[in-house]
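Peer 1: Starting from the known structure of chain A, arrange chain B on it as the hints suggest.
Residue numbers (this note's numbering), protein chains in the order written: chain A, 1 to 111; chain B, 1 to 409.
What the hints contain is simulated information worked out from the structure, not anything from laboratory work.
Be careful, since some hints might not be right.
As the list claims (entries may be wrong) - With a Cα cut of at most 25 Å, we get these calculated DSS-like pairs of lysine-lysine:
{"#": "1", "chain 1": "B", "residue 1": "K144", "chain 2": "B", "residue 2": "K132"}
{"#": "2", "chain 1": "A", "residue 1": "K90", "chain 2": "B", "residue 2": "K213"}
{"#": "3", "chain 1": "B", "residue 1": "K213", "chain 2": "B", "residue 2": "K144"}
{"#": "4", "chain 1": "B", "residue 1": "K325", "chain 2": "A", "residue 2": "K90"}
{"#": "5", "chain 1": "B", "residue 1": "K325", "chain 2": "A", "residue 2": "K29"}
{"#": "6", "chain 1": "B", "residue 1": "K325", "chain 2": "B", "residue 2": "K342"}
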Amino acid sequence: MLNGREGNAGPPRRREVSDLYATVLEVVKHYHGAARITRVSYGAGMPVDRLRVLVDRLVALGLLKSEELDGRPVYEITARGQEFLDVYWKLRGYVDGLERAPPDGRTGRRG
Amino acid sequence: MVSSMSETRVPRGGRVRLGAVEGDLRAEENTRIEADGKISVAGAARFDGNAEVVGDLECRSLTAADGTVRVTGNLSAAETVRGEDASIEVGGTFHARRTDVDRGLRVEGAATGEEFEVGGILEGGDTLSAAKVSVGGKFHLAGKLSARSVEAGGSVDVADVELESLEAGGLIHLRGGSVSRSIEVGGRFVAEESLTFGSLEAGGTAELKGDGKGGSVEVGGVLTVRGNLAFSSLEVGGLGSIGGDGTGESFEVGGKFHVGGSLRVSRGIEIGGSMDVKNDLTADRLEIGGEVTARSAVVAATAEVGGRVRTEIGLKATRVVLQRKSRAVGPIVGGTVEIGDKARAEDVYGDAVEVGEKAEVRRIFAARVRVRDGASVDEISYTESVDLDARAHVGASPKKVTALPTFPL
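Chain A on its own, in the form it takes in the complex:
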C-alpha cells in the first residue's frame, strides 16, 4: 500500500485523494483486468464500502473501466488511468527530489 512512507524516509505522509486514486489504480493494474472489489480492498488496505465510492468515481472519470467476469464485476485500468499514474509518479519523484535536494540546489531544480 502506498502510505506515503518510502524506505526509511521519515514519518508517514497523510494520504491525499491523489494518493488514494494512485493506490487503487496500481492495485487494479496488478490484476491485469481481473480485479475484484474484495481483492482491490485487501490490496489497497481500504474497506469495501469506502472503496466502492472511490472506484465509482474512478470509473466516472474514465480512469477505470468495469466489466463482468463470471457474473461479478471486475475492474481494469484505462489508458487514461495509466496516464494519471505516469504523471502522479513523475510528480512524486520531483517532489521527493526537491525535498531531498542539497542547499546548493544541485539536484533540486530543473536546469
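Peer 2: Quick look at chain B alone, frame taken from chain A:
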C-alpha cells in the same frame, strides 16, 4: 470432535488435541487444536472462521475461509494453501506448492513454495523462496528473497534479493542483491546497498544508496545514485545524480544531472538540459543542448555545444562545434574547432580554427586560422596560414610561429 473414516470434524468453539488424522480435517469457527507431537492430516484441512493450531501442522492442502487461522508452529502443505476472505498466520516455517490467500499471509519462519499469490499483505520474518510471488497490496520480508518473478500492486519492502524480475506498482524498497533481468517500478525504487540488475525502469524516482551495476536504466523523474553506477544505457527524463563515477555506453539526460566523480561513456552523451561532472568526462560523442561543467571533457569524435560548456582543464575533441551564441569557459582543443556566430570562447587550440561572425575569442593557437567579419580575437599564433575577413578585429598582429605551445589535455 466427530470422526469418520474420511473426515475429522472439530465443532464450533471446540478445543481438541490431535496427532495423525487419516482423512480430511474440518474445523468450525473459533476452534483450538493442539498438536499431539505434530498434526499430520492425510487429506485436506479446512477451517471455517477463526482458528488456532498450537504446534506443527502437515496436510495435503489447507483452506481457510472467512477468518484468521493461526498456526503457532510449522505449516506444510504438499499441494495448496488457500485463504478465501481469510488471513493465515504461521509462527514457524511455511511450505506449500501453491499459496493463494485473499487477505493476508504472515510467516515468521522461512517460507518456500512454487507460487505465492496474496491479495492484501504478505509478510515474512525470515527468508522466502519461490518461483513466483504476486501480492496485491504490500509485501514485506525481513530475510533474503529468492524468486524468478515478484510482482506487487502496492509496495515491496524486502532485504537482500536474488531475483530474475521484480515489478511493483508503487514502491520498491530493498537492501541490495541482484535482479538478473528487469526491475520495473511504477513509482519509487530505493536500494539501500549495492545492486546488480539487468534493466531498471522507474516511472517516478529511483534511488541507489550504494553502487549500481546493470544494463539499461530509464527513469521518468528523478535518479539518485550515491555510489558508482555502471550501465549500458542511461536515460533520465528529469533530474539525476551519481555520487561516484558513472561508466556506460550511452547517456541521455533531459533535465539536470550531477556526477560527483568522473563520467566515462563509450558512445554518446546527449544533454538536453544541464550537467556538471566534478572530475573528468570522456565520451565518443558529446551533444550539449544546455550547459555542461566538468574539470575536463575529452571526446573522441565530435563535441557539439549549443549552450554553454565550462571546464577547468579543457574540452578536447577531434571536432569541436560551438554553435551560434554558445559560450565556452576554459580551453578548447581540436582537431578542427568551429566557433559559431556570436559565440564566445577563451583560449582555443587546434589544427584548424574558424571563428564565425561577431564571435569573440581570447587567444588562438592553431596551424590554420580563419576569422570572419565582425569577429574579435585578442591574439593569434599560427604555423601555416591565417585568413582574416575585412572587418575582423584582432588585438595584436597574428604571429607566425615555428611551433605551437603544448596543448592542454
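Peer 1: Against each hint, give a clear statement of whether it holds in the structure.
Peer 2: Hints, one by one, checked against the model:
Proposed proximity of K144 of chain B and K132 of chain B is supported: the alpha carbons are some 15 Å apart, at most 25 Å. Proximity of K90 of chain A to K213 of chain B is assessed by CA-CA distance (about 24 Å); at most 25 Å being required, the pair is judged to hold. Restraint check: the Cα-Cα separation between K213 of chain B and K144 of chain B comes to about 20 Å, which is no more than 25 Å; the hinted pair holds. Straight-line distance between C-alpha atoms of K325 of chain B and K90 of chain A comes to about 33 Å, which puts the hinted pair past the 25 Å bound.
Among the hinted pairs, K325 of chain B with K29 of chain A is inconsistent with the structure: their alpha-carbon atoms are about 49 Å apart, more than 25 Å. Between the alpha carbons of K325 of chain B and K342 of chain B the distance comes to roughly 5 Å, so the proposed pair stays at or under 25 Å and holds.
The structure fails to meet hints 4, 5 from the earlier list, while all remaining hints are met.
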